[in-house]
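Protein chains in written order, with the working numbering: chain R, 1 to 222; chain V, 1001 to 1148.
No wet-lab data here; the hints were simulated from the structure.
Given the structure is predicted, the values throughout are model-derived calculations rather than measurements.
Heads up, some of the hints might be wrong.
To be verified - Straight-line alpha carbon distances no greater than 16 Å define the calculated EDC-like cross-link-like pairs of lysine to aspartate or glutamate that follow:
id	chain 1	residue 1	chain 2	residue 2
1	R	Lys20	R	Glu130
2	R	Lys7	R	Glu17
3	R	Lys7	V	Glu1096
4	R	Lys154	R	Glu130
5	V	Lys1055	R	Asp63
6	R	Lys18	R	Asp57
7	V	Lys1137	V	Asp1092
8	R	Lys108	R	Asp87
9	R	Lys18	R	Asp87
10	V	Lys1085	V	Glu1049
11	R	Lys85	R	Asp107
12	R	Lys7	V	Glu1095
13	R	Lys84	R	Asp63
14	V	Lys1101	V	Glu1126
15	R	Lys84	R	Glu64
16	R	Lys7	V	Asp1092
17	V	Lys1137	R	Asp57
18	V	Lys1055	R	Glu64
Unchecked claim - Derived coverage of chain V by chain R (criterion: at least 3 residues anywhere in the stretch with Cβ under 8 Å from a Cβ of chain R; other residues may be distant):
id	region
19	1046-1056
20	1091-1099
Even glycine gets a Cβ: it sits at the ideal position worked out from N, Cα and C.
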Amino acid sequence: MIVAQRKNIPDLLSIVEKHKTVLVLGCGTCVTVCLSGGQREVSIIASALRMAARLNDLPLTIDELTIERQCDNVFLEQASDAIKKVDAVLSLGCGAGVQALAERFADKPVYAGLDTAFIGILEERGIWTEKCAACGSCVLHLYGGICPVTRCAKHMLNGPCSGSREDRCEVDPDRPCAWQLIYKRLKDIGQLDRLKEIRSPKNWKPSLSGGLRTIVREDHRV
Amino acid sequence: MNTQAFEPRIVAFCCHYCAYASADLAGSMRIQYPPNVLIIRTPCTGRLETEYFMKAFENGADGVLVAGCMEGGCHFIEGNLCARKRVNYIRDMLEEVGLEKERLRMVNVSAAMARPLADIIFDMVETVRKLGPSPIKSQGTLQQECLS
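Isolated chain V, as found in the complex (with noise of 0.2 Å):
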């Protein structure tokens, strides 16, 4: 597999309050991250369903980012407490399904977070690097012009 050619198309759900934040502020700061990713902003990670993480990979994602509020911090008081067991949950199946479970996975950032969120990005784009494109899009019958 030539991984030199292959950039990871990676869907990141941003929570409004947080990382959807931080990443506006690395804009405002220069700081740069991959434009591998695919920022979708939610109002709180809590109102992610898991069929979302489903679609997502069953759609051509290589990968998918949940990043919600700092633990504690969340402006809804629990949802990205919810959303994690939501990704653990989804992890468990994908495993199920024959997909790596590291291409999903959730983290907790906070609105000033910008660097660190970066460097996030750049280990996520890194680690589907390494597991190469997802082999559901490999077998290439569905929307896969979705991410395009």
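The following block holds chain R by itself, in its conformation from the complex (with noise of 0.2 Å):
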């Protein structure tokens, strides 16, 4: 899932602080999981803007609203009625929530109240962290599920730098060096071998470094 964290309320509050009505817009789906931005984030930053607008003297109006998702236009019209109330739309969705709604609604200003930060998973209770970075080629079947291109400080495909101690990536003491992993997954699945091949530069051009990417399915094409 798509793994974000709310920006402060001083901060949101001046970015809608030129407004005298702002819906709050949540989205149900990856930032509900990551609780960041589902029904009760917007209660709890609907509740904090308000205070904070009051104790700043300013006239601002907060609606609240939760959607199933932002990031589709059907579900996008759930909303239309609400953002057609107000002045602005704080949405508290990912990135691609916020640009969805700025496209469906060309006349109204939208502001991103989260910092989208990654996509990741739930390590434990209170825990996300961050297992691919959508490089557009994914490699995890030569590693053993484990992504050197996400998880290694270095991005190293041929092995592990001088720098790891023990188990322990040198960047971050507190982050397990992926080789070790990597080599310790590929033992247990007795895929050892796949080490022994040399593999070469990695090809950043289907990653974010091309450039916009768009997939076409033809079959599926209306």
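Mind assembling these two chains? They're in different frames, but the hints should get you there.
Structure (structure tokens):
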């Protein structure tokens, strides 16, 4: 899922303070699961903004709504009436949701209330970690399902750097060395021979460095 | 500011298994505590969502007290520990908003602690009295009457 975290309240207030009525719009998908932009967070942030506005003598009215999904035009229609009534929208969706809103409601200012961070998983209660860099050309099958592109600080594709200490990364000792994990995993599944093959430098063109990415499925187009 | 005339209004979320019972016991023992608190019984402080604290302040509370079981003594194992973390999260958020975080406090009591609970309430009332009326309320646009 996409993992995000909220901006702090003074920043949010400065983003919306020019407007009279603002809709805080939550998203019921990834950001609900990572506890940053669901119905509950909408309620908390809307309350906080109302209080902060009152303390700063700003005539700001805050509405609240959470829809199923912000990154899909079909679901955006659920918010259409509520958006018409306000001057601006503060989206608690990910970056995709904010942009989908801005495209669908072209005459309405749409602001991001969250900092979208990464594609990751819930590691344990209250801790999310990055697992995928969306590099556009997956190599997980070569490394036992552990991604060196995302989890190695230096994106090493042919074994560890010489900086790791025991099984810890030299960039952050709290982080395990991805290559230690890859070696152990490949050993456990009997595929250590994969490491004998030298991998050529990664082609970064399918990643973000190649510019905006689009996927077209002709078989689904009408 | 005339603090003499100011009587704080404090919402006290009290766990059914401890603080609410000890408030009841305080009544039976005829122990006085300030009438400034509006006690709301909850099945466990772990039932309290973070937005409840925000809504209380937004609707004009001068202070919010969360009273749960002693640590290790929660009827639901760890509800009071969850509540403390949520309280701390909202205390930080109150500071971001511009309110004093001392207006929100979590305490741990047992069902037999009638006198300590009364003392805690006295202390909370005095703390909030020193802080003065909630500036949210003094801006005066929302449901102040809900706590009347």
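Verdict on chain R covering the region 1091-1099 of chain V, criterion of 3 CB contacts below 8 Å: Check passed, 5 qualifying residues.
Does Lys7(R) pair with Glu17(R) here, judged by a C-alpha cut-off of 16 Å? holds, 15 Å
Please work out if Lys84(R) and Glu64(R) have their alpha carbons no farther apart than 16 Å. Answer holds: Lys84(R) to Glu64(R) is near 13 Å, not above 16 Å.
16 Å Cα cutoff - pair Lys85(R), Asp107(R): Distance of about 12 Å is within 16 Å: holds.
Does Glu1049(V) lie within 16 Å of Lys1085(V) when you go C-alpha to C-alpha? holds, 11 Å
Would you mind confirming whether the straight-line C-alpha gap from Lys154(R) to Glu130(R) stays at or under 16 Å? Distance of about 15 Å is within 16 Å: holds.
So if I understand the rule, the pair passes when the alpha-carbon distance is 16 Å or less; does Lys7(R) with Glu1096(V) pass? Distance ~11 Å between Lys7(R) and Glu1096(V) Cα, so the pair holds.
Next pair to validate is Lys7(R) with Glu1095(V); report whether the Cα-Cα distance is within 16 Å. Satisfied, since the Cα-Cα distance of roughly 14 Å is no more than 16 Å.
Between Lys18(R) and Asp87(R), is the straight-line Cα distance small enough, at 16 Å or below? holds, 10 Å
Test coverage of the region 1046-1056 of chain V by chain R using CB-CB distances below 8 Å; three residues minimum. holds (count 5)
Holds or violated: Lys1055(V) and Asp63(R), Cα atoms, limit 16 Å. holds, 14 Å
Given the proposed pairing of Lys20(R) with Glu130(R), does the C-alpha separation stay at or below 16 Å? Cα-Cα ~38 Å, so violated.
Violation of the numbered hints given earlier is confined to hints 1 and 7; the remaining hints are satisfied by the structure.
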